[in-house]
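Asker: Residue numbers (the working numbering), protein chains in the order written: chain A, 141 to 398; chain B, 5 to 291; chain C, 12 to 286.
Warning: the hint list may mix true and false statements.
To be verified - Derived lysine-lysine pairs resembling DSS-like cross-links, with alpha carbons at most 25 Å apart:
#1 K256/C - K327/A
#2 K62/B - K24/B
#3 K327/A - K115/C
Hint data in this document are derived by calculation from the structure and do not stem from the laboratory.
All figures in this text were calculated on a predicted structure; none of them were measured in a lab.
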Amino acid sequence: MQERLSLYIQRDSWLHALNPLTKLSLTFAFILVGFLSPWYWTALVLVFAGILPLSFFGRVQREYFWTALRLLVPVAGFIFIMQALFLPVGTQELFRWLIFHPTRESLAQGFLTATRIFVMVSSFILFLLTTHPSEMMSDLTRRGLPGQFAYVIVSTLQIIPQMQAKAQTIIAAQRSRGLDTEGSYFKRIGALVPLVGPLVFGSLVEVEERAIAIEARGFTSTRQKTFLREIKDSPIDRTIRISLVGLVLLTLLAKLWR
Amino acid sequence: MINLQNVSYKYPLTDKQVLKDINLQVQPGEFVAVIGPNGAGKSTLCYAISGFIPHFFKGELSGSVQVAGVESRQSTLSEWVLTVGLAFQNPFNQISGAKYTVFEEIAFGLENIGVPRDEMITRVEQAMAMTGITALAQRSPFSLSGGQQQRVALTSILVMQPQVLVLDEPTSQLDPIGAREVFGVIRAMSHSGMTVILVEHKVEWIASFADRVVALHEGSILLDGRPDDVLTSPFLEARGFGLSRYTQAARAAALDGLWSPGRRLPVTLEQAVDGFSLEARRDADSH
Amino acid sequence: MQILINDLRFIYPGGVEALRGISLVIEPGEQVAIVGQNGAGKTTLARHLNGLLQPTSGRVSIGGLDTHTCTVAKLAARVGYVFQNPDEQLFCKTVGVEVAFGPKNLGCAPARIDELVNGALELTGLSDKRDANPYDLSPTWRKMVALASILSMDTPVIILDEPTTGQDAASIARIAGVIAHLRERGRTVITITHDIDFCAENFERVIALAEGQVLLDGPACDVFGQQETLARTYVDPPQLTRLGKQLGFFETVRNQAEFLAALRGIHLGDPSNQK
């Protein structure tokens, strides 16, 4: 069983060494530029000239390709087809068959949306592959994010796999009481309550105890927090972040100009 | 160190008085064991001493709970936990989930209270050495066994350097090996001068460690005294307390004339061996 | 209902070989305790008995029915399994409904369900808590509810997974009462337990597992007498057994009655009772 929900891969790379906020800014920059830019081919260029090289810089190219192939290409392809075939825009019909009547415009729009989605999800994947959740949360907390918020996110990532294990045990326990989980669909839906019930109630009990445990470790203390992990923020990071902000602003201007 | 006076408590939205007029004084460095049937109020007592009553569980608390001279009602929970540490039964639920390695998990508390980084590292290393888990430092807390997780939980509390340690049945869900490891840690903590309140069912262990035993029954203190006195008291069995099997065997032997009426009943194996050996010698001498 | 286990081997999907060739016969009505350190294979073995796990090789049959040939739900009519953590089973609004869940799944008639539920509640001391919400009860009582909800299925074989964990003396006595009741009615009771004293006082046969194999299997007295072998799977003998050994008793005693009998024997001057 995976111990935590996280794509993070430990590698020694230039991208890994960047400050988490910088990487987060990079991700948002990709998305904003991709969606705001008036130039049609922006998203595609960002993928090939931005995301792909970065995946090499981060030494996570293999993992990225694997995820892109399995997840992104089908999803983007699906969006493209749906928009191309069904979007009611434009007049230059390419062909007509049954309910499908794609136009030149719908094709163009489909391509645009698909590439934008591709950039957005890719940049997130890249971010998750090269940023340790703990580090990111530490950094954000240091910059002012409420501790409770960071805790909820990080602990959820670890606790969900535990809940999966618990769900397996619950299924086993209820099957042992004669619950039929292999029968007709109707039966299987009826089987949900005995499976979800203990999971929810048991989790409530757990949550209360865990709240007591973290309270006992000063979680609600009003003192200024300190941090075990030292997360560096170098001038390069700051320069990159400022440039990214500038890039996004430029794109915004370009869009407004048009 | 700990001073409870006329403490009574009722959980919110219930009618039952869970603690009834408790009076308890504990000296610094004392090791007090608390025994009682389930439902007697042992966990509630733990929460009252560790400040979770009244700050976490609202309800009606009357009477005074003082630790190191400070009244619990007048403190905040986040300050109180610096003086009184709490660990309980379920090792899994005491893993915060916020950290990916045992080292960071233990440091979590120190981060929350703002201990400088260098001091943090030193304290974590010292605490881990004391509880014998240095080898687990880089492991994920969720990959550990129950006994290991419980020791991590204890270390996480130890590292905050409380003056009082409240432990609510820390070995109930562990296998014998895990229980032995945890008792070892608790004994070490007590030897280092900490005041310890331990709720436990395993009567033979208590007899070896505790300075004092408090028997809780239906929210009131039934007995409060030396382990050898309390754990062999005739008042316990009828009220649902579990005596050690050595005590039970000796009591039954006494009915058969195989244990002298004046001889103190044994609680531990050693005491039982001594007692029965002496009985056998007395018997042999009288023939 | 006889339980036949033939050269059972089991390898978990991750590659861990949890059971390495276990062969056992458990006759109808036997009371058996399975002991051993964590990881020895106790739970893995138990889960084969109601079909939750299927052997990688070897055979398990319950009352002549090969577990390979039927679903867990079907085997539930023969083998009831009480899980260690009641919170992984309880979900109904009241104790009564919860305890009726098992027999209902088995397709019993309403009148029969009532009968079974009443019986189970009485046996576990829950009769007055019938209309309570299980989650309003303390963890101690929740464990009783879980036990009752399997007892109500009235299966010929019952498996108890760590029944005494976290329980106090009164509940343990109640559980011992349940086991005695089952013994009277000729049911097979199999328990996995770390509580060796509970084991000694309620079970005639003890199987000690170590590293996926049977280390010891026999009457409790014989098994507990072999302290060095037991130590290999980190099992300490029961308290009175240890006391008896240290006092030099000849035979192995496992509970208070046997201890006193041996003690009486010594004091009556019978030299054969002492080494």
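Asker: Next, verify each hint and record whether it holds.
Answerer: Results of checking the hints against the structure:
Distance hint between K256/C and K327/A is unfulfilled; the C-alpha atoms sit about 57 Å from each other, more than 25 Å. For the hint linking K62/B to K24/B, the alpha-carbon distance of about 17 Å falls within 25 Å, and the restraint holds. Using a Cα cut-off of 25 Å, the hinted pair K327/A and K115/C holds, with the two alpha carbons roughly 14 Å apart.
In terms of the numbered hints stated before, the structure departs from hint 1 and from no other.
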